[in-house]
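2 protein chains.
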Amino acid sequence: MTGKTYTSVWLREPRKATSPGRSREEIVRAALDLLDEEGIDGLSMRKLGAKLSAGATSLYWYVANKDELLELAYDETWGAIIVPDPEEAGWRETTSVLAHSMRQVMLRHPWIANLLGRLPALGPNALRVADRMRQAFKLAGFTGFDVDYAGATLTGYVYGMTLPEIAWNSTMAADDYDADTMRAQVRKAAADFPEMLDRVDMDTYEDPRMMRAVAFDFGLVSVLDGLERRLVT
Amino acid sequence: MTGKTYTSVWLREPRKATSPGRSREEIVRAALDLLDEEGIDGLSMRKLGAKLSAGATSLYWYVANKDELLELAYDETWGAIIVPDPEEAGWRETTSVLAHSMRQVMLRHPWIANLLGRLPALGPNALRVADRMRQAFKLAGFTGFDVDYAGATLTGYVYGMTLPEIAWNSTMAADDYDADTMRAQVRKAAADFPEMLDRVDMDTYEDPRMMRAVAFDFGLVSVLDGLERRLVT
DNA sequence: ACCTGAACACCGTTCAAGT
DNA sequence: ACCTGAACACCGTTCAAGT
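These protein sequence lines are chains A and B, in that order.
Take the first sequence: its letters are residues 97 to 329, numbered as in the numbering used here.
Take the second sequence: its letters are residues 97 to 329, numbered as in the numbering used here.
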């Protein structure tokens, strides 16, 4: 009955804002810097403390633990997602812009990938995005739970499409790798799978960035088409 | 020119199999146990060593580092994904079964979520799945790069839909939480977003598991419809 | 109200040394 | 060929103590 209730920064009373000393905002900003520069492993309470010329443990006065800090940083990045006003732009334009913007933000902050399966997105920025997306799908004509299903489908698509892209970028020393040896290695790994070999032999690896952008748009159109089809039947 | 080439377990010569002592398979199996029981943080080289009654550092003879071990465990789980023979089942049935099976496997091994954005899926099991999926889409009528786009769309959808589900499960003490307080807390967090409030007030949280399964299928049908539509235009 | 340092219980990985 | 232990350079978090 009592049960351990779910905890997240966003579900607790914020500590009273007081003037002096450090602030939560400052800490989150510094954490974001560290994350963007060095990735998820680059953020440690000790390093963050040093960056703010404070003891590592001082931070625990502002934040319950590291996960909470990550939740805050996480939501912060969602603030950069562009969502047009659905009333003006129409549902298809709105959701399409949203999807592209979401992908861009994820690519710009690749450490997000480590949080998607671990922390819920309940911050104000995440909610703003979700809210507008729901408006858009309602405007399209979805009702009841279908609004949720449509929304889950779209964000699902974006996450899933962008994650492998991030994984790829992260294992590739972005600057110095050479397309030929790369291709040779993958061909070897795929030796037993004829379909895969076919694919490797296309000039897939010449401009992967471009390729992925095209794939994203192709899929997005398909997903939106599929959703639209739901409306008429 | 020389360039640091991309490294992954799958792109290196396997160490010669020798009879005595521990084996790579044994180590991977033990790692999987630990991961399934305790999650991604439950696996440490020290604990794994202890489980095999070996020194933690002995494992480094079989495996270059922890990431490689994770790559091996990762691919192992993909072995459980069911993919029908496209020739027999047809492309729509094949891809649909694949998608559902992929989701099940991910839910059964939630620690996978932490690897999706970090490690590439180049193991034999992952390739088998990818290969069959390509067969299916070719059979459907896709050609050239469109085969890739369609595949990326489908797996993208599955990843993205299942990840938030995993995140949700992981932050919820699966056994003991009470739907009412949960709802109240979320309602508070969503106070400023009318659309979100609407949604919270539906009986969303009564049977989330069911709800997510329905959402998954709804979206999947939409995605496949959208892809199919590509074929006729 | 805020910050500190010491301390606890951990990590992954290297490497010289053993058999 | 395989395994070990000691050692290095780290972690997140607690907590009594300071101002």
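The hints are simulated quantities; they were obtained by calculation from the structure and are not laboratory data.
Don't take every hint at face value.
[What the hints assert, rightly or not] The list that follows gives simulated cross-link-like pairs (lysine-lysine, DSSO-like), each with its CA atoms no further than 30 Å apart: (1) A:284 / B:234; (2) A:162 / B:147; (3) A:143 / A:162.
[Said to hold, decoys possible] Now the in silico label distances, taken between C-beta atoms and shown as ranges: (4) B:149 / A:175: 28 to 36 Å; (5) A:133 / B:313: 23 to 31 Å; (6) A:175 / B:183: 45 to 53 Å; (7) A:183 / B:137: 40 to 48 Å; (8) B:241 / A:154: 32 to 40 Å; (9) A:186 / B:310: 35 to 43 Å; (10) B:280 / A:220: 14 to 22 Å.
Bear in mind that the values here come from a model prediction, so they are computed numbers and not experimental data.
We put the CB at the ideal spot given by N, CA and C, even for glycine.
| query | How does the Cβ-Cβ distance of residue 186 of chain A and residue 310 of chain B compare with 35 to 43 Å: does it lie in that range? | reply | 27 Å, violated
| task | Kindly confirm whether 28 to 36 Å is satisfied by the beta carbon distance between residue 149 of chain B and residue 175 of chain A. | result | At 51 Å between Cβs, range violated.
| query | Is residue 284 of chain A within 30 Å of residue 234 of chain B, Cα to Cα? | reply | 23 Å, holds
| Beta-carbon spacing of residue 175 of chain A to residue 183 of chain B - inside the hinted bounds 45 to 53 Å or not | Because 49 Å falls inside the window, the suggested range holds.
| query | Does the Cβ distance between residue 241 of chain B and residue 154 of chain A fall inside 32 to 40 Å? | reply | 53 Å, violated
| said: Verify the CB-CB distance for residue 183 of chain A and residue 137 of chain B against the hinted window 40 to 48 Å. | reply: 45 Å, holds
| Lying within 23 to 31 Å: is that true of the beta-carbon distance residue 133 of chain A to residue 313 of chain B? | 42 Å, violated
| task | Using the Cβ atoms, figure out if residue 280 of chain B sits within 14 to 22 Å of residue 220 of chain A. | result | About 18 Å separates the Cβ atoms of residue 280 of chain B and residue 220 of chain A, which means 14 to 22 Å holds.
| field | Satisfaction of hint between residue 147 of chain B and residue 162 of chain A, Cα-Cα up to 30 Å | value | 29 Å, holds
| query | Within 30 Å, alpha carbon to alpha carbon, are residue 143 of chain A and residue 162 of chain A? | reply | 12 Å, holds
This entry does not satisfy hints 4, 5, 8, 9, going by the numbered hints stated previously.
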